[in-house]
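Chemist: Residues per chain are reported as follows:
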Amino acid sequence: MRQKLCLFLTLFITLSAYAQTSGFSGNIIDDATGTPISGVHVIMRDHNVYATSNVNGEFIIRKDGIDAAILDFIKDGYEDAAITLIANQGETRKIGTIKMRLDGNTTSGDMLFVDESQINDEDGSNQTIGTLGNASDDVFLKAASFNFSAMRYSLRGYGQEYSSTYINGVNFNDSERGRFNYSMLGGLNSLFKNKDITLYSDAGMFSYGDLGGSTNIITRASGFAKGANVNIGATNRSYVLRGMVTAASGLMANGWAFNGGLIYRWSDEGAWDGTFYNSFGYYLGAEKVFNRNHSLSLITFGAPTERGQQGATTQEVYDLVGSIYYNPYWGYHNGKKRNSRVVNSYDPTVILSYEWKIDNKQKINVGVGSHYNRYSSTALTFYNAPDPRPDYYRNLPSFMNIGSLSPDSPIYEDKLNEYNTLSNAWRNGDASVTQIDWQSLYEANYRNNADNPTGSAKYALEERHNDLFETSFNVTYSGQVSESLKHTAGIEAKYSRGMHYKTMSDLLGANQWIDIDQFSERDFPSNDNIIQNDLNNPNRVIGVGDKFGYNYDMHINKITAFYQSEWKTRNIEAFYALKGTYYGFQREGKMRNGRAEYFNEVSYGKGKKSEFIDPSVKAGFAYKPDGHNRFYINAVAETRAPLANNSYISPRIKDTQIDGLVSEKILSYDVNYEFNYRRVKGRISAFQTYFKDGSELNGYYDDTYQTFINQSLTEIDKKFQGIEAAATIKINGSFSTTIAGSWGDYRYTNNARGVMSSENGSLEEEAGSLQSLEETVYTKGRYANSGPQIATSISLNYRHSKMWFAEIKASYFDKNYLDFAPSRLTQSAVNKYVSAVNSIYNNSTITNEEKLSLFDDIRSLYTQEKLNNGFLVDVSLGKIIYLNNRSQSLNINLSCNNILNNKKMVTGGFQQGRLPLSDKAIDTNNINKFPSKYYYAQGFNLFLNLGYRF
Amino acid sequence: MKVLNKILLTCISGAALIMSSCDYEDKFDNIALRDIKPANNPITCAQLKSGYNGVEDFLITKNEKSEKYADMFTIYRIPNTLKDTINAVVVSTDVDGNTYKKIVLRDLTDGSALDISVDASGLSAVWPQGQQVIIMPGDLYIGDYANSTTVGSTSYNIKKDRYEVGRLPFKTAEKHIVAVGLPDKSLVNPIDVTIEDINKRGSGLIGQLVRIKNVRFGYFVENDAPSNFQQDKYKLIDDTKENIVFSEENDLDVPVSRAIVDNDKNVTSVTTSFYAKFASELLPQGKHDIIAIVGWYRDQASRAGNYQLTVQRFSEITAVEEDEPTDE
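In order, the protein sequences belong to chains A and B. One point on numbering: in our numbering, the residue at position 938 of the first sequence is 948, and numbering is uninterrupted. One point on numbering: in our numbering, the residue at position 1 of the second sequence is 104, and numbering is uninterrupted.
There are no misleading hints in this set.
In silico DSS-like pairs for lysine-lysine, Cα to Cα no more than 27 Å straight-line:
no. : chain 1 : residue 1 : chain 2 : residue 2
1   : A       : K930      : B       : K205
2   : B       : K263      : A       : K939
3   : A       : K557      : B       : K130
4   : A       : K205      : A       : K371
5   : B       : K262      : A       : K939
In case anyone wonders, no lab produced these hints; they're calculated from the structure.
From just these sequences and the hints, can you work out the full model?
Modeler: This is the structure in structure tokens:
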């Protein structure tokens with residue numbers, strides 16, 4: 011397994027004094043421009059020796075007792091090169107200049123694989139949607155990044171919380187949700203594209219690693235060649251224009267290096283109706299190289315972004331409007347489109363990292379990083395008023411349930427006429443029906459001001475904040491103890507503070523909002539205390555900018571220590587690693603919630619502190635019969651603490667944690683074969699991962715109880731298994747092809763334990779006790795929400811000596827399942843299905859065919875939906891034009907995605923949590939009242955990029 | 104140095120751009136209230152009812168095949184060719200939850216009343232009490248619901264196996280009921296009546312906002328349904344001193360009727376939904392004035408039917424000082 015090392019200074023490795031040291035030195039340049047290439051990994055194949063070229067493209071690589079060696083030259087964006095050499099004993103042989111050619115797969119722009127706004131953002135989870143762009147040299151990983159990302163493919167089905175991401179050696183997975191916020195990089199991909207990647211459970215270089223792999227983004231000023239780049243892009247995706255400029259001083263004679271970058275992405279309206287995009291990104295880096303042993307780097311970056319989101323909706327709505335780009339979140343406001351779900355995000359980050367090469371064999375990296383992620387999303391709220399959502403189920407033609415009427419019925423024609431009238435309003439794009447009617451919202455508030463001047467607004471725009479402040483410290487030691495033995499050890503420490511609250515963004519013409527829970531007010535009309543969101547400030551009058559509703563912090567401390575030993579000989583490699591993690595969290599409520607008090611639960615102040623200590627051990631073994639083939643197996647066994655985000659029943663209003671919180675247990679192993687020949691290279695892997703005692707938190711809005719329902723699941727067991735394979739074949743000097751594919755089976759293997767909680771207290775009041783809200787959830791056999799579990803692609807690449815590049819690729823996706831609603835799988839839900847089936851069976855007024863049809867409808871309530879399979883075809887074309895004796899260049903790249911305009915590919919969505927009930931039983935007259943909601947992949951889309959390097 | 108200058112200049116420019124950008128929300132000023140004028144030459148609620156409800160040309164169904172519901176639940180079509188409009192004011196409010204998914208209107212020309220059923224809660228946010236509206240009834244439906252005229256949609260009640268005027272989809276209702284200006288409570292003065300006035304058939308008080316003075320509360324003792332009761336069989340709270348609430352949950356999920364009795368022993372009922380905010384309030388002792396909307400409910404031909412008063416706010420039940428007993 012080749013490990014990508016991306017260091018910023020030349021790594022000189024001196025070997026044991028017991029044998030004569032031989033080596034090679036040279037310099038690496040761009041074949042076309044002649045400019046030096048820094049950061050090239052130079053690997054002495056089969057000898058466990060690595061080096062990296064410096065800013066001048068120079069490298070030196072040495073080892074004791076070699077007669078000959080194959081040197082591999084690898085750098086992202088360039089074709090791999092290899093050379094076989096004979097060593098001069100006791101000397102460092104100068105091999106001259108190595109030329110590397112550009113890889114035509116250079117990305118044309120952001121690999122933002124899915125519009126961030128496609129994700130339902132009840133809890134701000136969409137801020138962590140990431141890009142898989144610019145992957146490592148692993149053939150499968152590269153193919154998955156470039157070809158599979160449009161369908162939200164997950165490597166081995168793992169959630170993001172099972173992968174670790176570092177920047178300059180500092181871990182940036184947020185401790186609350188366990189994920190890395192890719193949007194913090196702001197789209198400045200060229201400044202963050204140098205990476206060290208540890209695949210899955212392999213031995214780590216900079217950290218212990220993670221189940222889904224770990225990535226260290228290396229971005230230090232000295233690692234960038236002197237010069238500047240200007241890029242302009244045009245596209246028809248979530249934004250339409252992109253401008254980017256980067257510049258670097260290179261490492262100067264005084265030991266300083268500086269670099270910087272700026273990016274702007276914009277659209278007045280993106281591909282989806284009513285969306286917009288406005289994002290700046292900046293980056294500044296400075297580094298001081300004191301000498302060969304010490305260097306200090308400081309970087310800061312951020313990307314203040316404002317964008318309008320798109321929402322999932324039902325298939326009925328998509329069919330009525332005839333477009334997958336329908337968006338229920340916008341409406342006309344004085345003739346202009348106004349989006350109600352606006353995300354504001356800004357995650358300014360600063361990282362200070364210090365590197366100390368103790369000697370030629372030992373190194374220490376120390377890093378401190380801090381970031382303050384401010385993330386918010388607006389949303390309409392309403393009080394004692396009609397639901398303002400245009401796609402609210404009662405506003406749709408389907409609610410008329412015309413299918414339940416017999417054509418012989420005296421009202422059939424008239425009902426059909428009503429149905430058609432409303433349907434035509436949707437089809438004809440009557441914005442007063444199909445979109446938010448801002449006019450009516452303002453007017454309702456004006457009327458309320460006149461009718462009830464001191465009362466609460468009828469409609470308002472709230473802003474839900476999920477902020478996060480984190481400070482991390484990392485130190486890693488690596489030491490090559492002997493020719494074949496290496497130790498790595500490290501400590502990570504992080505303090506996180508999540509801040510969750512909402513503020514009033516716009517009163518929409520109203521005088522004020524009163525801070526009470528309206529749904530509790532309906533259910534407990536004579537109880538003034540239970541309806542209060544903050545008993546310390548009852549009936550508080552809320553104006554724009556005021557906090558209201560809920561307000562709590564989550565304090566998290568995490569400390570990790572690890573140790574790893576690796577042995578490498580000519581034919582055998584082995585390693586083992588150990589890790590211990592402390593994870594502790596505590597909620598701090600800032601409001602004294604009336605519902606929590608009513609049920610004698612804590613809401614205000616610091617709550618119960620939970621602490622976990624989790625071990626992890628992993629090991630691997632590899633056999634390399636020759637320099638071209640490698641067989642290896644890795645395994646990991648560990649426990650993981652439940653994330654703070656998943657540990658509370660209803661964190662917005664109370665401190666109550668899920669009963670019996672335990673760490674998740676994980677056992678995973680994979681078997682791999684890797685091959686690397688001059689014309690073909692690739693990998694085949696098979697894996698199995700077992701999860702036990704996991705926990706999840708789901709939520710949905712329930713109209714019946716008119717409140718937000720939280721449903722926690724614990725004692726979750728899952729089994730993920732699959733095969734992944736990829737190969738790149740060089741057909742000749744111009745053509746190459748890459749084939750990649752994965753097959754997975756990612757499922758829940760047991761029935762979980764569930765607890766439901768309502769934020770207005772009605773569920774608890776009805777049940778009488780919290781314990782009676784616990785029940786079995788029949789999750790066994792359900793598929794994980796992990797994207798397509800079958801993904802394959804084939805691409806054909808062409809490269810002309812005149813610097814033309816072209817590629818065509820076809821991808822196929824299958825076995826993609828919609829996220830299921832646990833509330834439809836509870837024991838009480840099952841009881842309702844059984845009652846409904848019995849009722850239908852015993853109904854003598856309907857025919858057997860009608861009964862069978864109804865049975866199918868009931869089955870659909872709890873069956874997990876399989877989404878469409880299908881093909882996506884992409885093409886790209888690029889050209890590099892050299893100017894001024896190749897000192898400058900112009901790069902033109904056009905990529906066209908989904909050229910078949912396949913608009914049937916669902917990328918995600920969810921099954922609605924509500925059941926169609928009437929008198930607390932399944933409403934067999936209208937079973938399909940709450941169908942699933944979907945997001946679709948964009949049809950044809952393109953990106954044209956012009957880049958100028960000087 | 105040159106490159107460094109470029110870097111610095113670039114980033115400073117960028118920072119300036121960032122700082123000068125404004126929030127999305129700042130671009131949206133308040134929307135002005137639409138300037139909508141009342142209709143010229145309107146028809147009245149009474150004319151609408153007499154023109155279409157019960158008129159055979161527009162009949163859709165009278166539930167003729169149902170022995171129980173025939174003529175109690177009827178649906179007539181108001182043709183889409185009708186372009187006339189009605190000027191009315193909203194007298195109902197659903198803020199306290201006793202009026203639910205309907206608005207009750209009083210005609211501004213002749214004071215006649217009209218009910219419209221709409222499938223949304225919180226209707227008072229859109230059409231609050233005192234709100235003047237224009238109604239465009241063409242292409243809607245009218246008929247008797249439990250023998251009381253209402254405007255709405257067509258509907259089949261599968262549980263009861265009957266056709267009835269159902270609730271209009273909210274988006275449809277918005278197109279047929281347009282608010283004019285801001286609400287004016289002075290347009291909604293209750294009519295002072297007696298129970299005797301209400302009990303007179305054909306009194307024309309159905310759908311009206313009324314005030315009845317000096318009544319006492321009680322409960323009915325013979326009823327086969329919470330809203331089907333022997334009107335003359337009741338007990339007064341003042342006599343029994345019992346704690347009886349305005350409404351309670353029941354298997355039929357229907358509102359509960361309680362008795363109100365005046366000095367002349369005239370009786371009628373106040374009907375309260377279990378979902379009303381004051382449902383669990385105790386029936387008060389002593390004399391009270393009440394403001395309520397008059398309703399009529401007769402769901403089966405075999406039943407006599409009852410007048411039902413809907414109190415909209417608990418604050419509209421006001422205690423009256425008892426007269427001092429005088430020496431005779």
